[in-house]
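S.K.: Read off the chains here:
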Amino acid sequence: MTRWEWTGAHALSGGIIGGVAGGIAAAAPIGLIVVGTGGVIVSGADFIHTINIMKAETGITACTVTRLLVDVAGAVFGGVGIAKGVQAWRASGSGLRWLSPIVPTTGRAALNEMHAKSEPGSGWDVREVPGANAEKWFYRIADPQSVGPHPNPNIPGGLKGKVPGGGEIFYRPFTGSENPAIDISNVPGYTNYIKYHFPPR
Amino acid sequence: MESYTEIEFRKNMDPIFRAIFTGGSAYDAPFQPGIQPRLLLYGFHWYLHEPWLEPVVRTLKELGEEGFYVSALYRPKPEEQTQPYHWFVPLSEAASYGAVVVSQENAIYSVNSQWGIICSDEDHALVGGSELLVENIKNAVGDLDYRLSEFFKAWKDYHRRNKVDITWIPPMLSHVYGPEKAAQLLRQAQLDWLLHGEE
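As given, the protein sequences belong to chains S and Z, one line each in that order.
When you number the first sequence by our numbering, it's gap-free, plus one each residue, and the end is 201.
When you number the second sequence by our numbering, it's gap-free, plus one each residue, and the end is 199.
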């Protein structure tokens with residue numbers, strides 16, 4: 001095998017490993033944490049191995065210094081990956097949701113996701129999303145250009161907006177039942193009106 | 001559907017509103033003394049929808065009223081209003097006006113000061129006035145008793161889970177049904193402790 005064949009083969013295998021790792025990392029918070037941890041361990045082990053080579057054999061050379069820098073970069077990116085994975089896992093709202101997507105949905109897809117998470121609750125035809133943050137859901141669902149104050153001035157902090165694709169959404173930080181609420185109206189594919197309560201879990 | 005400014009409301013609609021309502025909400029005693037009989041409607045979301053829509057529209061036709069007024073109960077100062085808060089809804093649009101009041105407690109009321117409906121933000125409404133309207137609603141909605149029991153169930157649950165103050169229920173019920181029937185309903189719902197003030 002020539003030097004160029006050897007370099008090409010390693011570049012190809014590195015690309016495949018990187019691609020697979022990226023895919024795993026992008027799929028879910030736990031993927032990012034696993035890949036990040038792997039990066040830190042491999043980089044750390046190679047850093048120690050390179051130091052040993054420098055002490056016993058080569059001394060400081062351009063090659064070993066480059067290898068050390070690559071190891072440091074690998075460890076840093078691995079650490080960032082772990083942090084991002086933990087952040088994404090915490091943002092998913094549950095200790096059990098290690099497999100929820102990292103990239104949050106927005107607009108109509110977010111409404112569909114919130115609706116799927118909701119369950120029948122207290123109140124006539126009211127759905128509940130226990131433990132979730134109503135305001136965060138509102139901002140994920142509403143068209144950012146359309147957001148304004150709630151029409152009722154007695155609801156400070158209340159918001160209204162438009163759902164991309166049709167319909168309106170309202171956020172009320174408090175209601176008569178003490179639960180924050182989201183109201184949606186005239187959203188295609190949904191009944192004319194649905195109320196979601198967000199009680200504590 | 002026609003919308004009105006606050007100035008137009010004060011000039012033309014407010015005297016009618018005040019002939020029906022005391023200015024309160026669905027959480028207290030909103031009707032003037034002469035607005036009788038009364039009924040609590042549960043499963044009422046902001047605007048006229050089934051099963052309430054049909055008996056209301058039918059009654060208005062029988063009363064010869066061509067539409068009704070709708071007013072949001074809580075409004076910014078007139079100079080700060082950026083949208084309408086009062087409307088006249090012709091009967092032909094009774095099934096489709098709802099989007100303008102979603103998420104806002106509001107009153108639906110007779111142009112002839114005969115009747116009114118006031119809705120809460122938690123799925124109940126109170127109707128008062130026009131014997132014909134109340135009778136038509138009773139006849140059209142066969143599960144009113146079940147709905148009332150669900151109303152109590154929901155508020156007991158809110159009280160248990162969120163420590164919500166529900167002491168407004170007895171005076172509101174008394175305003176709607178009279179003190180005797182209100183006490184009876186509270187006993188049936190195992191909420192008679194509200195009458196004595198201690199749980």
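No lab work stands behind these hints: they were computed from the structure.
All values derive from a computational prediction rather than experimental measurement.
Some hints here could point you the wrong way.
To be verified - For lysine to aspartate or glutamate, the following EDC-like pairs were computed, each having C-alpha atoms within a straight-line distance of at most 16 Å:
hint : chain 1 : residue 1 : chain 2 : residue 2
1    : Z       : Lys153    : S       : Glu135
2    : Z       : Lys163    : S       : Asp125
3    : Z       : Lys156    : Z       : Glu199
4    : Z       : Lys77     : Z       : Asp192
5    : Z       : Lys181    : Z       : Glu199
6    : Z       : Lys138    : Z       : Glu6
7    : Z       : Lys156    : S       : Glu178
8    : S       : Lys162    : S       : Asp125
9    : S       : Lys162    : S       : Glu178
S.K.: Look at each hint and say if it fits the structure.
M.R.: Hints, verified against the model:
no.: 1; hint: Z:Lys153 to S:Glu135; in the structure: violated (27 Å)
no.: 2; hint: Z:Lys163 to S:Asp125; in the structure: violated (22 Å)
no.: 3; hint: Z:Lys156 to Z:Glu199; in the structure: holds (12 Å)
no.: 4; hint: Z:Lys77 to Z:Asp192; in the structure: violated (41 Å)
no.: 5; hint: Z:Lys181 to Z:Glu199; in the structure: violated (20 Å)
no.: 6; hint: Z:Lys138 to Z:Glu6; in the structure: violated (34 Å)
no.: 7; hint: Z:Lys156 to S:Glu178; in the structure: holds (13 Å)
no.: 8; hint: S:Lys162 to S:Asp125; in the structure: violated (22 Å)
no.: 9; hint: S:Lys162 to S:Glu178; in the structure: violated (25 Å)
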